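S.K.: Now for the letters of each chain:
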Amino acid sequence: MVNFGGWDMPLEYSGILAEHEAVRTRAGLFDVSHMGEIEIRGPGALGLVQLVSCNNAAKLALGQAHYSGLMTSRGTFVDDLLVHKISDTHYMLCVNAANQDQDHQHIVEHNKFDAQVENAGPRYCQLAIQGPRAKDILQRLTPVALDSIHYYHFSFGKASGVDCLIARTGYTGEDGFEIYFAPEHSAKLWGDLMQAGGPAGMLPCGLGARNTLRLEAGMCLYGHEIDDTTTPWEAGLGWICKMEKAPFLGSDVLAQQKRDGLTRKLVGFEMLDKRIGRDGYPVLIGGQEAGRVTSGGPAPFLKKNIGMAYLPPEFSTVGMDIVVGIRGQGETARIVALPFYKRPQ
Amino acid sequence: MYPKDYRYTKEHEWIKVDGANGTIGVTDYAQHELGDVVFVEMPKLGAQLKARQSFGTIESVKAVSEIFSPVAGEVIETNPALADAPELINKDPHGGAWLIKVRLADPKEASALMDAAAYEAYIAGQAKEHSA
Numbered sequence: 161m162v163n164f165g166g167w168d169m170p171l172e173y174s175g176i177l178a179e180h181e182a183v184r185t186r187a188g189l190f191d192v193s194h195m196g197e198i199e200i201r202g203p204g205a206l207g208l209v210q211l212v213s214c215n216n217a218a219k220l221a222l223g224q225a226h227y228s229g230l231m232t233s234r235g236t237f238v239d240d241l242l243v244h245k246i247s248d249t250h251y252m253l254c255v256n257a258a259n260q261d262q263d264h265q266h267i268v269e270h271n272k273f274d275a276q277v278e279n280a281g282p283r284y285c286q287l288a289i290q291g292p293r294a295k296d297i298l299q300r301l302t303p304v305a306l307d308s309i310h311y312y313h314f315s316f317g318k319a320s321g322v323d324c325l326i327a328r329t330g331y332t333g334e335d336g337f338e339i340y341f342a343p344e345h346s347a348k349l350w351g352d353l354m355q356a357g358g359p360a361g362m363l364p365c366g367l368g369a370r371n372t373l374r375l376e377a378g379m380c381l382y383g384h385e386i387d388d389t390t391t392p393w394e395a396g397l398g399w400i401c402k403m404e405k406a407p408f409l410g411s412d413v414l415a416q417q418k419r420d421g422l423t424r425k426l427v428g429f430e431m432l433d434k435r436i437g438r439d440g441y442p443v444l445i446g447g448q449e450a451g452r453v454t455s456g457g458p459a460p461f462l463k464k465n466i467g468m469a470y471l472p473p474e475f476s477t478v479g480m481d482i483v484v485g486i487r488g489q490g491e492t493a494r495i496v497a498l499p500f501y502k503r504p505q
Numbered sequence: 472m473y474p475k476d477y478r479y480t481k482e483h484e485w486i487k488v489d490g491a492n493g494t495i496g497v498t499d500y501a502q503h504e505l506g507d508v509v510f511v512e513m514p515k516l517g518a519q520l521k522a523r524q525s526f527g528t529i530e531s532v533k534a535v536s537e538i539f540s541p542v543a544g545e546v547i548e549t550n551p552a553l554a555d556a557p558e559l560i561n562k563d564p565h566g567g568a569w570l571i572k573v574r575l576a577d578p579k580e581a582s583a584l585m586d587a588a589a590y591e592a593y594i595a596g597q598a599k600e601h602s603a
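These protein sequences, in sequence, are chains B and C.
All residue numbers for the first sequence refer to our numbering, where the first residue is 161 and numbers rise by one.
All residue numbers for the second sequence refer to our numbering, where the first residue is 472 and numbers rise by one.
Please note that a few of the clues may not be correct.
Stated by the list, open to error - Derived pair list, reagent style BS3-like, types lysine-lysine, alpha-carbon separation capped at 30 Å:
1) Lys-521(C) / Lys-434(B)
2) Lys-463(B) / Lys-515(C)
3) Lys-425(B) / Lys-502(B)
4) Lys-272(B) / Lys-405(B)
5) Lys-464(B) / Lys-515(C)
6) Lys-219(B) / Lys-405(B)
7) Lys-515(C) / Lys-572(C)
8) Lys-599(C) / Lys-487(C)
9) Lys-318(B) / Lys-295(B)
10) Lys-502(B) / Lys-464(B)
11) Lys-272(B) / Lys-219(B)
12) Lys-434(B) / Lys-572(C)
13) Lys-434(B) / Lys-481(C)
14) Lys-502(B) / Lys-402(B)
15) Lys-487(C) / Lys-515(C)
16) Lys-579(C) / Lys-475(C)
17) Lys-515(C) / Lys-434(B)
18) Lys-434(B) / Lys-463(B)
19) Lys-562(C) / Lys-463(B)
20) Lys-562(C) / Lys-487(C)
21) Lys-475(C) / Lys-599(C)
22) Lys-295(B) / Lys-463(B)
23) Lys-434(B) / Lys-562(C)
24) Lys-425(B) / Lys-219(B)
25) Lys-464(B) / Lys-562(C)
26) Lys-464(B) / Lys-434(B)
27) Lys-219(B) / Lys-402(B)
Unchecked claim - Derived contacts from chain C toward chain B, CB cut-off under 8 Å, selection only:
28) Gly-506
29) Asp-507
30) Val-509
31) Phe-510
32) Glu-530
33) Val-532
34) Lys-533
35) Val-535
I should point out that these hints are in silico values taken from the structure, not numbers from a laboratory.
Small disclaimer: the values here were computed from a predicted structure and weren't measured.
Every residue gets a Cβ at the ideal spot worked out from N, C-alpha and C, and that includes glycine.
I would like the entire structure built from these sequences, with the hints used as guidance.
M.R.: What follows is the structure in structure tokens.
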């Protein structure tokens, strides 16, 4: 067990490799109740969401969700989040556990729209069921037609008799669902899902596999690839940064950075030998430190050692070789396209 | 669980003394703490190790750990099986996953280390600290 954002959480159940493989080939169940929820309600809800986040929530349909960034006035990340449109006057944001309180405070500070902003984390538990068999397993417990919930959409309904918000989202690179419900039902829903998934080879998964899966899928982790010093352009997240809806927090800085060009860019790399470039290790170009590994480690499904790092744009071209400093020795790595892993369609 | 004829260190290595030579590995407790092992970095043959000197690293999915020599000696063999099957460390830490063999500088040196009973008491204390 490890402390993660104030939550006591298992790093692994049966082992990171076994859990990782289960999610890529069968299914895995994650208790992600640590994740925070913030609900914004009222006629001003959309205005507030639009001001504090960089993706364009005006484009969301009812029952649709998108990935976005909660922005500082400097165009950097307070957090990354999922925005769910429940109604024209009700949005549910899923945020990182460790950032929940500061996110809430940040949103409240910019609430000139008279919206109600609720720090709703204590009212929710969340389970994530992920992997190619996730849909079939969950379907056994719910009358909701899961095939009708498209990717990054959600629906309300019962699972195992419990009222849930069932979203077709995830943080693993696989198909799957994230299920939000009231905490008193967590033991029942976990137990019923494990029972339904056991025969299909589903495994309970901890934080360790959650990290290797998201890294292999090239997804950012707050505090590693993104934080309040990095912008969406630098992080390769231009697709969630919709300048046409400006002004929003930081949009002037982001417009300026787009005109001026970047001084660094997030890249993916593969180690060419067996040694592993890990979080925080230096990346050297011409013997000089040019950046640091933001996340690095084994990619169990790809059977390679991979990582991400910020580098000057002139050294960020796919196919270029870089050097990662590993305990005083330089090891060659090759810049590769992100994501490392993409599930077969 | 912990062989009676081995000696143990606080850093969770074991040594089995056989005359002038010793075989060194990491304990079951260590492999459990490391999780899935994916790579082992070995010393060169002929390397002269001092007691408590780092002689290699074990990389698991989640972390990298140094391995320290329990005693002084010269490396005379490294386990060839671990290059292709580092996961042996998780499966058979006290047997097939031995790391190195050394020619002991002093065959009596290992007797100052913890025996199995002392080591078991030591890790029971560590586990308590963890859960506190």
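S.K.: Taken at face value, is the distance from the CA of Lys-434(B) to the CA of Lys-521(C) at most 30 Å?
M.R.: It holds: about 27 Å lies between the C-alpha atoms, which stays within 30 Å.
S.K.: Does the structure keep Lys-272(B) and Lys-405(B) at a Cα separation of 30 Å or less?
M.R.: holds (18 Å)
S.K.: Against chain B, is Gly-506(C) within 8 Å by beta-carbon distance?
M.R.: Holds, because the Cβ-Cβ distance from Gly-506(C) to chain B comes to roughly 6 Å (cut-off 8 Å).
S.K.: Are the Cα atoms of Lys-434(B) and Lys-463(B) separated by 30 Å or less?
M.R.: Given pair Lys-434(B), Lys-463(B) holds - Cα atoms ~10 Å apart, limit 30 Å.
S.K.: Given Glu-530(C) was flagged as interface, is its beta-carbon under 8 Å from a beta-carbon of chain B?
M.R.: It holds, given that the least Cβ distance between Glu-530(C) and chain B is near 5 Å, below 8 Å.
S.K.: Is the hinted pair Lys-562(C) and Lys-487(C) satisfied, with a Cα-Cα distance of at most 30 Å?
M.R.: Holds: Lys-562(C) and Lys-487(C) sit about 19 Å apart, inside 30 Å.
S.K.: Taken at face value, is the distance from the CA of Lys-502(B) to the CA of Lys-425(B) at most 30 Å?
M.R.: holds (21 Å)
S.K.: Given the hint that Lys-487(C) pairs with Lys-515(C), does the C-alpha gap stay at or below 30 Å?
M.R.: OK: Lys-487(C) and Lys-515(C) at ~20 Å, within 30 Å.
S.K.: With the threshold set at 30 Å, check whether the alpha-carbon distance from Lys-515(C) to Lys-434(B) stays at or below it.
M.R.: holds (17 Å)
S.K.: Check whether the Cα positions of Lys-434(B) and Lys-562(C) lie no farther apart than 30 Å.
M.R.: Holds, at roughly 21 Å.
S.K.: Hint check: Lys-434(B) vs Lys-481(C), CA-CA at most 30 Å. Holds or violated?
M.R.: holds (28 Å)
S.K.: Assess, step by step, whether the Cα of Lys-464(B) is no farther than 30 Å from the Cα of Lys-434(B), and give holds or violated.
M.R.: holds (8 Å)
Taken one by one, the earlier hints all hold for this structure without exception.
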